[in-house]
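Peer 1: Please arrange chain B on chain A, whose structure you already have, making use of the hints.
Just so you know, the sequences run in chain order A and B.
Going by numbering that gives the first Met the number 0, the first sequence opens with residue 0, and the numbers climb by one from there.
Going by numbering that gives the first Met the number 0, the second sequence opens with residue 0, and the numbers climb by one from there.
Do not take every clue at face value.
Stated by the list, open to error - Distance condition first, Cα-Cα at most 27 Å in a straight line; then the derived DSS-like pairs of lysine-lysine:
| id | chain 1 | residue 1 | chain 2 | residue 2 |
| --- | --- | --- | --- | --- |
| 1 | B | Lys251 | B | Lys274 |
| 2 | B | Lys336 | A | Lys39 |
| 3 | A | Lys45 | B | Lys336 |
| 4 | B | Lys289 | B | Lys274 |
If you are wondering where the hints come from, they were derived from the structure by calculation, not from laboratory data.
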Amino acid sequence: MTAAQQALLAARPDLVAIARWVASGARVLDLGCGDGALLKYLWQAKQAPGYGVEIDAAHVVECVRNDVNVLQMNLEDGLATFGDRSFDCVILSETLQAIHHTEQLMRDMLRVGREAIVSFPNFGYWPARLQVAFGHMPVSQELPYQWYDTPNVHLCTLQDFEDFCRRLGFRILERVALDRGRSVGLLPNLLGSLAVYRLGHGLTP
Amino acid sequence: MNAPQLPPGSVGLVEAKKAAFADPLQLTSGAVLPQFEIAYETYGKLNAARSNAVLVCHALNASHHVAGSYADDPANIGWWDNLVGPGKPLDTNRFFVVGNNYIGSCFGSTGPASPNPATGKPWGADFPVVTVEDWVAAQARLADRLGIERFAALIGGSLGAMQALQWTLSFPQRVRHAVVIAATPRLSAQNIAFNEVARQAIMTDPDFHGGHYYDHGVVPRRGLRIARMIGHITYLSDDAMMEKFGRVLRGKSGPGFGFDIDFEIESYLRHQGDKFASYFDANTYLRITKALDYYDPAAEFGGDLAAALARARAAFLVISFTSDWRFASARSREIVKALLEARRIVSYIEVNATQGHDAFLMDDARYHGALRAYFENIAL
Chain A
0 MTAAQQALLA ARPDLVAIAR WVASGARVLD LGCGDGALLK YLWQAKQAPG
50 YGVEIDAAHV VECVRNDVNV LQMNLEDGLA TFGDRSFDCV ILSETLQAIH
100 HTEQLMRDML RVGREAIVSF PNFGYWPARL QVAFGHMPVS QELPYQWYDT
150 PNVHLCTLQD FEDFCRRLGF RILERVALDR GRSVGLLPNL LGSLAVYRLG
200 HGLTP
Chain B
0 MNAPQLPPGS VGLVEAKKAA FADPLQLTSG AVLPQFEIAY ETYGKLNAAR
50 SNAVLVCHAL NASHHVAGSY ADDPANIGWW DNLVGPGKPL DTNRFFVVGN
100 NYIGSCFGST GPASPNPATG KPWGADFPVV TVEDWVAAQA RLADRLGIER
150 FAALIGGSLG AMQALQWTLS FPQRVRHAVV IAATPRLSAQ NIAFNEVARQ
200 AIMTDPDFHG GHYYDHGVVP RRGLRIARMI GHITYLSDDA MMEKFGRVLR
250 GKSGPGFGFD IDFEIESYLR HQGDKFASYF DANTYLRITK ALDYYDPAAE
300 FGGDLAAALA RARAAFLVIS FTSDWRFASA RSREIVKALL EARRIVSYIE
350 VNATQGHDAF LMDDARYHGA LRAYFENIAL
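Just chain A, same shape as in the assembly (with noise of 0.2 Å):
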């Protein structure tokens, strides 16, 4: 591993797992891919080829020096540019608290995607309830705005996320809570800062 790509899963602990998941030579699509740096990452360990959608214009940029295929498109205005099933893999890292129309991008990367990773800050992590509970909006790694300039307008719990799948009929078919980068396996609604979930089509049994 070369620097550059230890300084990147050292900096995002959510793409560890994500990279984990992604399968060798996977076709991989990244929603909100920023500057493409998990995507030229998934190319260079996985051989994975990738596409990333951006909106960010500087961004977009970054993507072409990063020499990966980038698509500089709304995903407010959905997937309609992709086919179904046209993707292995269909990435979302901690951009959904800041989606809109969630319901319907979630149930595009399905549709374009054989399966999804969807990473989001756990708005249920203790720290978080604490701040609540002492009369404050949570601000903290993972959140790091205040409640007047936060582009996040869909925060969740993992509890919340996992009901929201349930509705629409999706498979849970992995989940990671993170906390300082290391797996949390007791109480991860409440010890985990970061969710990281792999779905699949089908209801979880």
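Peer 2: Just chain B now, kept in the frame of chain A:
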């Protein structure tokens, strides 16, 4: 004699060249062009592996003069000089850039004003209608002549983008990258309608003489003027026009209650029309607009663009501009969607720009930044 001062990053003084081809060119229409010449310019050096060639294709009224200027005409700077040069996004220190003038044009390549070998007189109305596919076939002959088996990249905007796209279909093995800017996979009815109004303006000019106006020593100047004025409206956005001209009156404080120029925009359009009519050939204008109208690579696949693009082997960079209503971003997204469906490699950039269709000629940091990054990643 001192060379004129050229800005840093200029390719400097350049020379237009011509390549003559004696073998007939079979055209899409069924007609045959018995012989032809292509005007071209080159910037930078073809490397030993011949792997660094980039072909620049031009739109309606541009030419092979892409960058630099001429010793005997220093004010005549190439139309894409802001993109092409040493250290510029399309860096001539790395790439061997070829500008070419398509056949049927009036800037040096064989066209309606060229002599018809059968008569010795200008072709005029007898010059065949050429298509984007024909241009690409002729450009391939130029590539052969220059010893270029495979281009590192094809690049063009608008009608130039259609040529870049067609190259990937006519000669899939000869194109590694295609940069397709402000494009459409086919004209809309509205696009064709604008072209038809322009053609009617030219053909109903009493000086048109059925296209044989050269014999009469006249040019259908009035028709060309109007054609250009119509075209110009479609190249600019409503916002850009309002920003540039608004409702400002020209040299008067109130309406003239007559039909002389009142508004700045009228003055601008008349000026653009006059300028264009002084150098552009009417027969060329008719043919170029027809080439635009006819272009539709999906047609032979029952309208299935993905099926049409499946034979491409190039990687694509598709770029559109938000205020372009002539070839709107939605048209570029059609190309992107079809390329994805055909499992081709593509990146797509939608540049936030107010200038309309002509935005592809501007020097915008994000737009040029993306082009620079893309070209830097092309391995030679």
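Peer 1: All hints are to be evaluated individually against the structure, with a verdict given for each.
Peer 2: Here is how each hint holds up against the structure:
1. B/Lys251 with B/Lys274: Satisfied, since the Cα-Cα distance of roughly 24 Å is no more than 27 Å.
2. B/Lys336 with A/Lys39: 22 Å, holds
3. A/Lys45 with B/Lys336: The given pair, whose Cα atoms are some 25 Å apart, holds under the 27 Å limit.
4. B/Lys289 with B/Lys274: With a Cα-Cα distance of about 23 Å, the restraint between B/Lys289 and B/Lys274 holds, given a limit of 27 Å.
The structure is consistent with each of the numbered hints, conforming to all of them.
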